[in-house]
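Residue numbers (my numbering), protein chains in the order written: chain H, 1 to 434; chain G, 435 to 745.
FYI, nobody ran anything at the bench for these hints, they're computed from the structure. Note that the coordinates shown come from a computational prediction; the quantities given were computed from them, not determined experimentally. Cβ coordinates follow ideal geometry from the N, Cα and C atoms, glycine included. Certain hints may be false.
What the hints assert, rightly or not - Here are the simulated DSSO-like pairs of lysine-lysine, each with C-alpha atoms no more than 27 Å apart in a straight line:
#1 G/Lys551 <-> H/Lys261
#2 H/Lys379 <-> H/Lys142
#3 G/Lys551 <-> H/Lys420
#4 G/Lys521 <-> H/Lys261
#5 H/Lys291 <-> H/Lys340
#6 H/Lys189 <-> H/Lys130
#7 H/Lys195 <-> G/Lys593
#8 G/Lys551 <-> H/Lys274
#9 H/Lys163 <-> H/Lys142
#10 H/Lys138 <-> H/Lys380
#11 H/Lys427 <-> H/Lys138
#12 H/Lys138 <-> H/Lys186
#13 H/Lys427 <-> H/Lys159
#14 H/Lys260 <-> G/Lys521
#15 H/Lys260 <-> G/Lys593
#16 H/Lys420 <-> H/Lys130
#17 H/Lys159 <-> H/Lys130
#18 G/Lys521 <-> H/Lys254
#19 H/Lys427 <-> G/Lys593
Unchecked claim - Just a sample of chain G residues kept apart from chain H, beta carbon distances all over 12 Å, derived:
#20 Phe557
#21 Ile645
#22 Leu693
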Amino acid sequence: MLKRTAKLVATTFMAASLVVSITACSKGGATNTQPAAGGAQTLTLWTHNAGNKGELGAIQQVVDDYNASQTKYKVDLQAFPQDSYNQSVVAAAAAKKLPCILDIDQPNVANWAWAGYLAPITGMDDVLAKYLPSTVAKWNGKVYAYGYYDVALSWVTRKSILKKYGARIPTVDQPWTGDEFMALLKKIKDSGDFKYPADMATGWTGEWWPYGYSPQLQSFGGDLINRTDYKTADGILNGPAAVKWATWFAGMAKDGYMPKKSSADPAADFMNGKSALLWNGSWTAVPTRQKFGDDVVFAPPVDFGAGGKIGGGSWTWGYSTGCASPEGALDYLKFASADKYVALVSKDTNNIPTTDAAAAMVPGFEPGGKNDVFRQISKKYTMLRPETPGYPFIATTFTKAAQDILAGADPQATLDQAVKDIDDNQKSNNYFQQ
Amino acid sequence: MSVMDVSQPAARASKKGYSHKRNRRSTSVALAMLMPAAVLMITFLIIPIILTFGLAFTNARLISPVPARFVGFDNFVRLFSNDTFWKSLLNTVIFTIVIVPVQSGLALGLALLVNAKVRGTTFFRTVYFLPVVTSMVVVSMLWLFMYQPDGLINVMLSKIGIAGPDWLGDPRTALFAIIVLSIWQAVGFHMIIWLSGLQTIPGELYEASAIDGAGRWQQFVNVTWPGLRQTSIFILITITIAAFSLFTQVNIMTQGGPLDSTSTLVYMAVFTGFQQQQTGYAAAISLVFFALVLAVSLLQRYLTREKAAQR
Chain H
1 MLKRTAKLVA TTFMAASLVV SITACSKGGA TNTQPAAGGA QTLTLWTHNA
51 GNKGELGAIQ QVVDDYNASQ TKYKVDLQAF PQDSYNQSVV AAAAAKKLPC
101 ILDIDQPNVA NWAWAGYLAP ITGMDDVLAK YLPSTVAKWN GKVYAYGYYD
151 VALSWVTRKS ILKKYGARIP TVDQPWTGDE FMALLKKIKD SGDFKYPADM
201 ATGWTGEWWP YGYSPQLQSF GGDLINRTDY KTADGILNGP AAVKWATWFA
251 GMAKDGYMPK KSSADPAADF MNGKSALLWN GSWTAVPTRQ KFGDDVVFAP
301 PVDFGAGGKI GGGSWTWGYS TGCASPEGAL DYLKFASADK YVALVSKDTN
351 NIPTTDAAAA MVPGFEPGGK NDVFRQISKK YTMLRPETPG YPFIATTFTK
401 AAQDILAGAD PQATLDQAVK DIDDNQKSNN YFQQ
Chain G
435 MSVMDVSQPA ARASKKGYSH KRNRRSTSVA LAMLMPAAVL MITFLIIPII
485 LTFGLAFTNA RLISPVPARF VGFDNFVRLF SNDTFWKSLL NTVIFTIVIV
535 PVQSGLALGL ALLVNAKVRG TTFFRTVYFL PVVTSMVVVS MLWLFMYQPD
585 GLINVMLSKI GIAGPDWLGD PRTALFAIIV LSIWQAVGFH MIIWLSGLQT
635 IPGELYEASA IDGAGRWQQF VNVTWPGLRQ TSIFILITIT IAAFSLFTQV
685 NIMTQGGPLD STSTLVYMAV FTGFQQQQTG YAAAISLVFF ALVLAVSLLQ
735 RYLTREKAAQ R
């Protein structure tokens with residue numbers, strides 16, 4: 001009898017632990033600032049770039065140059081794979097072992113600044129004034145991180161396609177209007193030449209959804225949250241403009257203008273002639289140019305009424321509150337913000353350099369260069385994802401709502417629920433005030 | 435039963451005061467041998483479970499400068515008024531109710547087939563067991579491609595004139611699609627368990643029943659099935675628990691969609707706890723899940739014990 005009870009208890013604990021053990025396994029090791037031999041103070045630097053050869057090499061170059069330039073500090077680079085990077089930082093913060101300098105995905109900056117992981121960057125206003133606004137991450141009026149580059153979304157298509165269906169080639173100053181765009185899609189669809197007129201990469205998951213589709217919501221006149229005080233999303237995410245966006249978004253799939261769930265590689269589908277227009281980032285420039293040469297067009301975001309919009313913000317650099325030598329961290333951040341390093345990192349990642357001077361140094365991004373269009377689009381149309389510590393919750397809630405809407409849920413009811421969830425979360429955190 | 439039979443003489447012996455010392459020493463040896471497992475169990479099972487009980491009544495968050503505060507039953511009130519929670523619960527229950535009989539039945543059928551005394555059974559055993567040793571993540575990725583609207587399955591269906599649905603994109607077929615792949619992946623494991631049970635049944639019983647004139651079916655009902663009693667209880671409980679904890683397939687293939695049609699309790703707990711950073715709320719979901727698994731396991735133990743007593 002006893003044995004049987006013990007067995008029963010063991011089996012049930014095993015079962016329950018399947019959930020709990022997931023919670024328990026996210027702790028990892030961490031290191032901190034230590035004084036090194038020879039008098040130089042060691043500053044630990046964390047980056048998400050392990051396995052990403054191009055960018056890691058560029059960052060290593062910056063670190064090496066810094067270490068050679070002075071003797072007071074020694075920066076020690078440690079690279080993590082991107083998938084487990086955020087977890088490592090969160091675990092390190094819980095164990096009070098944050099590195100000195102670290103890179104942060106821009107949408108997380110406000111959340112981590114609020115949580116007390118990040119310290120504000122001071123004394124760099126002159127330098128950062130020359131940066132693209134989307135690469136300077138702020139919260140509560142203070143700068144917490146800056147990035148070397150940004151990426152830009154655009155409608156990728158081909159001149160020959162636009163010519164065939166009688167559409168004009170849009171320019172950065174004159175994007176397509178919503179009506180123009182839908183008329184073009186209809187023409188392409190009626191011709192039956194393509195499996196789908198458009199592809200918006202709906203097969204991707206995670207942060208792509210708010211990054212890729214909330215700008216379209218903003219172009220219709222809605223937004224994720226009221227940005228005046230970040231207290232409520234009511235009337236913004238469930239107002240008439242947002243419902244109009246949701247109806248359009250669901251209709252794109254329902255009417256056969258785009259796949260409800262794109263394949264894992266929508267750029268390959270575009271290059272294989274399955275779709276005529278592709279909503280995608282500047283990272284597709286290299287393969288599409290290789291395939292179509294000068295025929296390829298990178299069109300600015302469609303203006304659905306409130307102006308064209310794209311998301312902004314990529315990986316940015318800042319320093320932590322756990323740093324034993326904030327002066328050293330700031331010294332490194334200042335050194336590393338030079339135009340030549342902006343150019344170096346952007347070149348190795350083929351992303352948009354954040355300063356004009358650096359752009360002139362990166363082939364293709366100089367004024368009039370073939371990649372200049374991305375810099376123009378980024379300058380003109382970028383709208384940052386809401387800079388509130390509640391962003392991770394807003395992002396996942398929006399993702400789920402958009403996925404449900406695409407699957408056929410009622411737009412108004414779904415958005416109302418999303419607004420309620422977001423408002424509850426902002427409120428239960430006392431609106432993230434300090 | 436067998437456990438009892440062995441322990442009873444020992445108990446009688448100790449009552450007589452026959453070997454108290456030896457008994458105590460063997461107890462300490464047993465405790466020492468239990469230690470490593472016990473330490474691990476306590477650190478990674480018992481303590482997290484106790485923490486979960488505590489966290490479920492607070493507003494703890496994954497990342498926050500504000501310390502967690504006791505909020506009473508707030509998390510549970512929120513949870514029970516959440517539609518996604520009820521859908522996840524329903525999906526979990528449907529998944530379990532379908533998986534348990536179908537998977538164990540199929541596994542038994544396969545075990546009977548590969549237990550037949552014909553050449554080449556080792557080959558089939560290996561083939562049926564292959565998916566089990568393949569990681570569930572890999573299996574999910576493969577089936578993700580096969581389930582695409584123009585994937586392998588629909589291409590094959592179209593050959594016989596059936597227009598297949600968008601398996602994972604349609605709320606009506608998504609859970610079914612995940613059930614099929616889950617059975618395919620795990621059925622080999624339970625086949626092996628059934629097989630080990632089958633091979634403990636003495637061949638004489640079959641010979642004797644054949645002499646008595648029993649047919650194939652009668653042999654199965656009166657010899658095979660009673661001989662598999664212990665095995666069947668083990669399989670029932672392991673499949674039930676595995677089915678309740680459905681997560682990997684959902685996380686990789688559908689992320690709970692479309693329209694929550696594949697969301698499960700474990701998926702919901704992980705999603706709210708990590709992506710949405712609501713540790714306290716996720717702990718409340720885990721607690722409900724814990725209570726559910728505990729209740730079902732107790733019920734199963736009670737039912738299976740009852741039958742044993744009747745025999």
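Tested hints:
1. G/Lys551 <-> H/Lys261: Outside the cut-off at roughly 48 Å; violated.
2. H/Lys379 <-> H/Lys142: 21 Å, holds
3. G/Lys551 <-> H/Lys420: At roughly 64 Å apart (the allowed maximum being 27 Å), H/Lys420 and G/Lys551 break the hint.
4. G/Lys521 <-> H/Lys261: The given pair, whose Cα atoms are some 22 Å apart, holds under the 27 Å limit.
5. H/Lys291 <-> H/Lys340: 31 Å, violated
6. H/Lys189 <-> H/Lys130: Violated, at roughly 44 Å.
7. H/Lys195 <-> G/Lys593: Between H/Lys195 and G/Lys593 the Cα gap is close to 20 Å, so the pair holds against 27 Å.
8. G/Lys551 <-> H/Lys274: With Cα atoms ~53 Å apart, G/Lys551 and H/Lys274 exceed 27 Å; violated.
9. H/Lys163 <-> H/Lys142: 48 Å, violated
10. H/Lys138 <-> H/Lys380: 19 Å, holds
11. H/Lys427 <-> H/Lys138: Given pair H/Lys427, H/Lys138 holds - Cα atoms ~22 Å apart, limit 27 Å.
12. H/Lys138 <-> H/Lys186: Violated, at roughly 42 Å.
13. H/Lys427 <-> H/Lys159: 49 Å, violated
14. H/Lys260 <-> G/Lys521: 23 Å, holds
15. H/Lys260 <-> G/Lys593: Answer holds: H/Lys260 to G/Lys593 is near 24 Å, not above 27 Å.
16. H/Lys420 <-> H/Lys130: Outside the cut-off at roughly 39 Å; violated.
17. H/Lys159 <-> H/Lys130: This hinted pair is violated, its Cα atoms lying about 34 Å apart.
18. G/Lys521 <-> H/Lys254: 25 Å, holds
19. H/Lys427 <-> G/Lys593: Roughly 56 Å separates the two Cα atoms, so the pair is violated.
20. Phe557: 34 Å, holds
21. Ile645: 38 Å, holds
22. Leu693: Given that some Cβ of chain H is not farther than 12 Å from that of G/Leu693, nearest at about 5 Å, it is violated.
Going down the numbered hints, you'll see the structure goes against 1, 3, 5, 6, 8, 9, 12, 13, 16, 17, 19 and 22, while the others check out.
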